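Asker: This is what each chain is made of:
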Amino acid sequence: MAVKTDPEEKLYERLDRALKKYKGKPGVLIAALQEAQEIFGYLPRKVMIQVANRLTIPLSEVYSVVSFYSLFSTVPTGKHRLEVCLGTACYVQGAEELLRELQDLCGTEPGKSAPESPFSISTTRCVGACGAAPIVKIGEELHGEMTPEKLPSLLEELVKE
Amino acid sequence: MSTLLGELTRERVRPETEHRLLVCGGIPCSSKGCREVKESLDDELRRRGIAAEIPVEIVGCIGDCSLGPAIIVYPEGILYQKLTPDDARTIVREHLVGGRVVEALLHRDPRSDEILRQRETMPFYCGQTRLVLRNCGVISAHIDDYLKYRGYAALARALTEMSPQEVIGEVKASGLRGRGGGGFPTGRKWKLVRETPADEKFVICNADEGDPGAFMDRNILEGDPHSIIEGMLIAGYATGARRGYIYVRAEYPIAVHRCREAIRQARRKKLLGENILEKGFSFDLEIRTGAGAFVCGEETALISSLHGTRGDPEPRPPFPAQKGLWGKPTLINNVETLANIPLIILHGAGRFVELGPEGSPGTKVFALAGKVRHTGLVEVPLGTTLRQIIYDIGGGIPGDKRFKAAQTGGPSGGCLGEESLDRPMDYDSLRRAGSIIGSGGLIVMDEDSCMVDLARFYLDFNQDESCGKCTPCRIGSKRMLELLQGITGGRGEEGDLERLEQLALLMKNSSLCGLGRTAPNPLLSTLRIFRDEYLAHIRERRCPAGACRALSRQQGSTEEGTRAEAETVDR
Ligand SMILES: Cc1cc2nc3c(=O)[nH]c(=O)nc-3n(C[C@H](O)[C@H](O)[C@H](O)COP(=O)(O)O)c2cc1C
Ligand code: FES
Chain A
60 MAVKTDPEEK LYERLDRALK KYKGKPGVLI AALQEAQEIF GYLPRKVMIQ VANRLTIPLS
120 EVYSVVSFYS LFSTVPTGKH RLEVCLGTAC YVQGAEELLR ELQDLCGTEP GKSAPESPFS
180 ISTTRCVGAC GAAPIVKIGE ELHGEMTPEK LPSLLEELVK E
Chain B
322 MSTLLGELTR ERVRPETEHR LLVCGGIPCS SKGCREVKES LDDELRRRGI AAEIPVEIVG
382 CIGDCSLGPA IIVYPEGILY QKLTPDDART IVREHLVGGR VVEALLHRDP RSDEILRQRE
442 TMPFYCGQTR LVLRNCGVIS AHIDDYLKYR GYAALARALT EMSPQEVIGE VKASGLRGRG
502 GGGFPTGRKW KLVRETPADE KFVICNADEG DPGAFMDRNI LEGDPHSIIE GMLIAGYATG
562 ARRGYIYVRA EYPIAVHRCR EAIRQARRKK LLGENILEKG FSFDLEIRTG AGAFVCGEET
622 ALISSLHGTR GDPEPRPPFP AQKGLWGKPT LINNVETLAN IPLIILHGAG RFVELGPEGS
682 PGTKVFALAG KVRHTGLVEV PLGTTLRQII YDIGGGIPGD KRFKAAQTGG PSGGCLGEES
742 LDRPMDYDSL RRAGSIIGSG GLIVMDEDSC MVDLARFYLD FNQDESCGKC TPCRIGSKRM
802 LELLQGITGG RGEEGDLERL EQLALLMKNS SLCGLGRTAP NPLLSTLRIF RDEYLAHIRE
862 RRCPAGACRA LSRQQGSTEE GTRAEAETVD R
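Keeping their order, the protein sequence lines are chains A and B.
Following the working numbering, the numbering of the first sequence begins with 60 at its first residue and continues without gaps.
Following the working numbering, the numbering of the second sequence begins with 322 at its first residue and continues without gaps.
One thing to keep in mind: the hints can contain errors.
[Said to hold, decoys possible] According to the in silico footprint, chain A covers these stretches of chain B (three or more CB under 8 Å from chain A):
1. 349-358
2. 623-629
[Said to hold, decoys possible] Below are the SDA-like pairs computed for lysine to any residue, each with C-alpha atoms no more than 25 Å apart in a straight line:
3. A:LYS84 <-> B:ASP520
4. A:LYS79 <-> A:ILE98
5. A:LYS138 <-> A:LEU118
6. B:LYS403 <-> B:LYS799
7. A:LYS84 <-> B:GLY648
8. A:LYS196 <-> B:LYS799
9. B:LYS644 <-> B:PRO678
10. A:LYS79 <-> B:ARG609
11. A:LYS171 <-> B:LYS799
12. A:LYS209 <-> B:ASP769
To be clear, the hints were calculated from the coordinates, so they are not data collected in a lab.
Note that the structure is predicted; figures quoted are calculated from it, not measured.
Glycine included, every Cβ here is placed at the ideal spot set by N, Cα and C.
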């Protein structure tokens, strides 16, 4: 707390430390990017460049991996990450209805970064809780047997926290 | 003889004699508040000063997700269901302190109105043959528990009494077929890896579980991770591999955590590492996580992903068994396939083939979900009928609605209609019906589900997940999706169905990997069984199930009206 450093600079230092263990090893790009995303919350261009440089991998290859896997995001996410499961079990139990309602309530939609909204919405394909479908995932928490009616109070609670 | 080996070769499943609480920590229960229930149990036990005597353990999925949050109280094996934190306090006060079972919190069978105390007496369970799921919801994921239930005894048997060839012989004799979707004979694959000469070989556990709507692999990884490690160890011994990887999808963080813990425990007991059980066999394991790409469940794409690149599939042959990870012979097996291995080695192939029909021996775990009363994992001998699974075990369709179809095999599979209710569920019989067992996803749909929209849903999925490497899949899936969006959006035209069929055939025959080759299946099977429903969408601008928002349910709405509506709603 006492020493004041640019928080962003600190993140890049952390990234550098994290990347050390991957250097020179084969097959580590995905793991390295996962760790980078954990540090920054998403993967801005500058971070991808740093990963490419440190691992001596062409930036084009880093980008091709980032764009391939849906888990990597190149846009920042809102404070509260809401994910609607659109796997089959959830879909059959009305997940699309949930998604529509959630978009209306939050005023944003999947893949969009809406700086004015505290929420970002994304969709996922089955979180493995099909027995309690439909599922809305908030951060790391799963909420089962969701209904459009339950959504407003859920969001209210989030904002309160 | 090492002391651990001595212990492992002894028969020992200890009956439950002490009070012990198992809290279902399966994901559906977690999503309904099982953690709060556990906290409340812990708290009340502490308050009464009996926390030290009565352990509370989180276990893998107990089974029937519709009853969650659920707990089991040992030694009686009483199952309490749909609990709130307050209910948890009541159970401590009444049952554990007072010795009186709390009737109000037991499950009441809606059909017979009978109160059912033990999980084993419930129709959902007694219709099942839980072998692969033997430990799920019964023991914790800790190695000590696994050892108590004859864990690693199969490994001990393989290392002490059997040559690698004999292990492969036993697996071959069992007739076990891959549970990951392809149904390839496991023993044959092992033999191929064994017989391909190389200085290094690998074993990979495919835990990518890509079918959205399947969750059996997740449950095994979370509830019984040691059975997978044991299966992989035996596979390594048989094939001559010394290294293994578990490739888990990133959406399963708890599974990753449990597996990491399990690997650590196994290393500490020297069941992983050098010179295991002092038999000269060495093997170790690592976990790798995916990053959200369905195609990575396909074995060649999975290997690309393990190489750290885009998960692009490669043409086969060469098969991974010949040329896989880093160009070396690589055995890839699914989680459930591997979980069967210790059972086969311990009890013998003879016992295994007693279950299921010829050509499809053993059990299969189905992930029962959708419009059915009891959802959850159902393990039955292959060859059990759809009716038995949905009605006897699953309790039928809620709200007295009519069964319409069951979808099996996920995005690569197809639908089974009413006429298939009495069809035995096994590899060959489902293939004849135009579907596949796949990884075991089983989604039930009732009269309110629209089959055209379901086909659109799966094509949307496959189009989205297509890696784009080959043209038939990249463009074909896109064009098919557009046609289906047109039909569900009220813009279908005469000839659309024929165009779809043509595209489907093209994709099936010319795509590079299984994703593209099977992507048209959900469409083709619904088209075969529910062609009238497609035609109603196109000719009458009507969705008989009332699910497509751009279309009316009733007949007779003017074309103009639907068109206008379609334009506003279509995305
Ligand atoms: C598009 C596609 C997705 C697949 N996804 C999975 C999966 O998620 N899990 C799995 O075990 N097998 C999956 N497979 C099958 C694997 O390619 C491979 O056959 C399987 O892992 C072999 O293991 P088994 O013989 O034990 O079934 C998929 C295949 C295709 C074509
Ligand atoms: S389909 Fe949503 S959790 Fe499986």
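Asker: For each hint, tell me whether it holds in the structure or not.
Answerer: Hint by hint, here is what the structure shows:
no., hint, result
1, 349-358, "holds (count 5)"
2, 623-629, "holds (count 4)"
3, A:LYS84 <-> B:ASP520, "holds, 20 Å"
4, A:LYS79 <-> A:ILE98, "holds, 15 Å"
5, A:LYS138 <-> A:LEU118, "violated, 29 Å"
6, B:LYS403 <-> B:LYS799, "violated, 44 Å"
7, A:LYS84 <-> B:GLY648, "holds, 17 Å"
8, A:LYS196 <-> B:LYS799, "violated, 29 Å"
9, B:LYS644 <-> B:PRO678, "violated, 33 Å"
10, A:LYS79 <-> B:ARG609, "holds, 18 Å"
11, A:LYS171 <-> B:LYS799, "holds, 23 Å"
12, A:LYS209 <-> B:ASP769, "holds, 22 Å"
The structure is inconsistent with the numbered hints 5, 6, 8, 9, although it conforms to all the rest.
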